[in-house]
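Chains as they are written, first to last, in my numbering: chain A, 1351 to 1687; chain B, 0 to 298; chain C, 140 to 373.
Simulated from the structure, these hints should not be mistaken for lab results.
For each residue, glycine too, the CB sits at the ideal point set by N, CA and C.
Please note that the accuracy of each hint is not assured.
[Unchecked claim] Okay, the calculated beta carbon distance ranges per label pair:
1) L262/B x A305/C: 28 to 38 Å
2) F1644/A x F57/B: 24 to 34 Å
3) K88/B x K1568/A: 31 to 41 Å
4) K1568/A x N189/B: 42 to 52 Å
5) R134/B x F1644/A: 44 to 54 Å
[To be verified] If you want the ones that stay clear, here's a sample from chain A, every Cβ over 12 Å from chain B, calculated:
6) L1409
7) M1442
8) P1450
9) V1453
10) T1498
11) P1511
12) F1603
13) F1606
14) G1648
15) V1656
16) V1660
Here is how the chains run, residue by residue.
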Amino acid sequence: MRKRIPTEWYFLLWGVLLFLGVFLANQFLNRYLLYILVLMGIYSIATVSLNLTNGYAGLFSLGHAAFMAIGAYTSTLLTFPLSLREAYELPMLPTFLGGPDAVWPFFPALCMGGLLASLAALLIGAPVLRLRGHYLSVASLGFVVIITTFAKTMKSITRGPMGISAIPSYTNIYWTYLWLFITVYVVWRLVNSRFGRAIMALREDETAAQVLGIYPMKYKLFSFVVGAFFAGVAGGLYAHFTKAIRPFEFSFFLTFQIVVMLILGGMGTIGGPIVGAVSLLALRYALKPLEEHFKIYGLIEIIYAVLLIVVMLFKPEGLVGRRKDTRRVLLGGKSHG
Amino acid sequence: MFSWSYFLQQSMNGVILGCIYALLALGMTVVYGILRLINFAHGALITIGAFFVYFIFFRAGINLAASLFLVLGFGGLMGLLLDAVAYRKLRGGPEVALLITSLGFYTFVENFMKMVVSPQPYAFKTPASLAVMYRTPLLTFRSIDIFIIVSSLLIMLAFNLFVKRTRMGIAMRATAENLEVARFMGIEVNRVISLAFVLGSAIAAFTGFLWGAKYGQISYDMGFLTGVKAFVAVVVGGVGSIPGAMVGGFVLGLAEILSTAFLPTRFAEYRDGIVFGILILVLLLRPAGLMGVKEEVRV
Amino acid sequence: MLNIEHLTVKYGVIPAVMDVSLRVEKGQIVTILGANGAGKTTTLKAIMGVLRPAGGRIYYQGMEVTAVSPVQRVRQGIALVPEGRGIFNRLTVEENLLLGAYCRPKNDAVKKDLEEVYTLFPRLAERKKQVAGTLSGGEQQMLALGRGLMSKPKLLLLDEPSLGLAPLIVRELYALITKIREQGVTILLVEQSAAVALGVADYAYVLESGNLKLSGKPEELKSLEDVKRIYLGG
């Protein structure tokens, strides 16, 4: 397959087109459609960042929801309006974060959310990334449970199972697609660099890569941490969009959805995850009226599950993915260990 | 604030939960041994079994003993279907692919139950014959508790006799250890795998009944965490070891109950987190588990 | 008894065995020699039916078996003692042996044959209930051999039985192999170490990179420079 090597200018062009598209959408589309577009953007960020860890680095993590949770709660606590803090029994910010009178603006709050998620990824990644294949997956799943358990129990910070509502509604289509642009750019830059080649070499054959002087942990950890950062940002955007967050929203099922989007779209390409996220969300909202009319709750999840199974059985590289990149992780070229 | 009777009571609860985990772990470890598949769909069978019994016992009025036999059969059938439809095609593929597909199947079943049966939990009344209460100075328990322990032990015993004394059972252990060489012996590996699924699924479905009868409530999502915890039990006991799976089940059940019983109450909600904390610790510190044979857990 | 014509076996697109023909007469010990990766194990697997050939035919006792399943081939009397012993480490000695008889009809004289194997390998008899993984290398090889015999084979395929064993044990092993032949079993023996195999074989084939390079009686081959070359002095 011909490898497209876009230059910086090409990217800039895409950025301008994207901005134009977003601007036009904002002008002419109705609120409901805009709502869906924003969600598509947010999930795309989550899926693209998952692709970095799972697709390019070949580390099949099921823990993405945990990082989104961390990002969501962190950014929420930072931006929560002072006037409501007492009413909602949320703590004031400690001095090193600005003190009791502080309320953070949106962008830094999102970054902080991402940063904290990265930190968690660093801590959990160091031990867990050493595990092979599906043990990594199960351990990361465990991590999601652990984080949601914390969210449910640390009531003084998270308000426990009730969750936090009345979150300021900062997320709009501009913010979302700006962040998507940033995410895609960062991932693209990483993948098309020496780092990217190293990480893919590691994915293909870890022993061979080590012989070439590529230390696995450093690279694996880096992609895991970067992936977590953007997951955190996505979580923050999500929180300030839906205006309420509760622990059970960040359960395994959230990761599952993103995994389906990733696999459906195709791992190992930049566009694949976005295609997957957009298609699945489009499908969801197309079917929603059906679900509500006939009161058949769960239909959409069933279709997601069926799609996953069908794709895994018949076309594991997804809609736009490349066989080559899927091979190692999902099809099993060489096996080692 | 320690009292012997509290300790015994909780230990008993731990043992009962341990029985359930041990049964589930048995089914999972055999399938894992042969296919290297962490079968998340195993949890789905718990849900299926519970609702199946609910409908045929409470709604259709079939007597208890017959219901239990039927649920075993139904569970076995479901397991067979699962293997034939999906896993067979992915055999020999990388483990992650199998795991993801099994997650897909789990999600399918869970939401199918949600959609077709009910998004709301159902109350599962403990059948009258099993709800007899016994009060002793130290312990209070019901006949369902005895039933769970006894039936679990019987099943485990039967299973062990099967894998140790019958030709097919020994073949199953051999296949779990080395599939290729088993083929050299002329063992029909596909049949062995199907049998493993049937047995494991039948037991899992039966466990669904036990769960419902003991805890009084069944819902479409009851199987997920329990199923994953069963895998934790497999890891704790030692992947690849059948006795390990049973030991792991008991250890996990006791650990889960006793830790939440004896830690300050605010820690009680950490229950699930504790289980997965144990998983991560075991994977990192002692991947072979308690009785396991060394398997490559790390890259 | 065994006739292989133009066998080609591929792993995906990579050919492992190319156009190899060989025959084994009843009652013979025939050996296939070759360096690592020459295709010896692949050939045995194809004979066993575990690998499907990309080309060529396999005849056993006059009938074509190219498409016959491993189960059937075991029933018809072919048994394989795999490379690296291939015993089931977690099963006991006795369980391993019983598995060898897996394909035999239920009430066959399995018990009797078990006793015969114990007579042939007294050390196994001592360790009946012992877990196979705790046996020494030599004992494991004997277990693998005994297990192969339990299926009452007419053709026994041995894949590198001397691998990893001390010379003394190897001698013991080969004495047993000769004894087995005397009991009427035809043997196809794969070895990397030429000297030992040529000592017992009636006929030899040499594979190199999947191709049949040489064949002949041991005396003829022992002196050939080519053989020495292929083995780097092996």
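Evaluated hints:
1. L262/B x A305/C: 28 to 38 Å: With a Cβ separation near 57 Å, L262/B and A305/C fall outside 28 to 38 Å, so the hint is violated.
2. F1644/A x F57/B: 24 to 34 Å: holds (26 Å)
3. K88/B x K1568/A: 31 to 41 Å: Given a distance of about 37 Å, which is inside 31 to 41 Å, the answer is holds.
4. K1568/A x N189/B: 42 to 52 Å: Hint holds: Cβ distance 43 Å, inside 42 to 52 Å.
5. R134/B x F1644/A: 44 to 54 Å: holds (50 Å)
6. L1409: Label violated. Min Cβ-Cβ 10 Å, cutoff 12 Å.
7. M1442: Holds, since 22 Å exceeds 12 Å.
8. P1450: At roughly 26 Å from the nearest Cβ of chain B, P1450/A sits farther out than 12 Å, so the non-interface label holds.
9. V1453: holds (30 Å)
10. T1498: violated (8 Å)
11. P1511: violated (9 Å)
12. F1603: violated (7 Å)
13. F1606: violated (6 Å)
14. G1648: violated (4 Å)
15. V1656: Answer for V1656/A: violated, closest chain B Cβ roughly 6 Å.
16. V1660: violated (9 Å)
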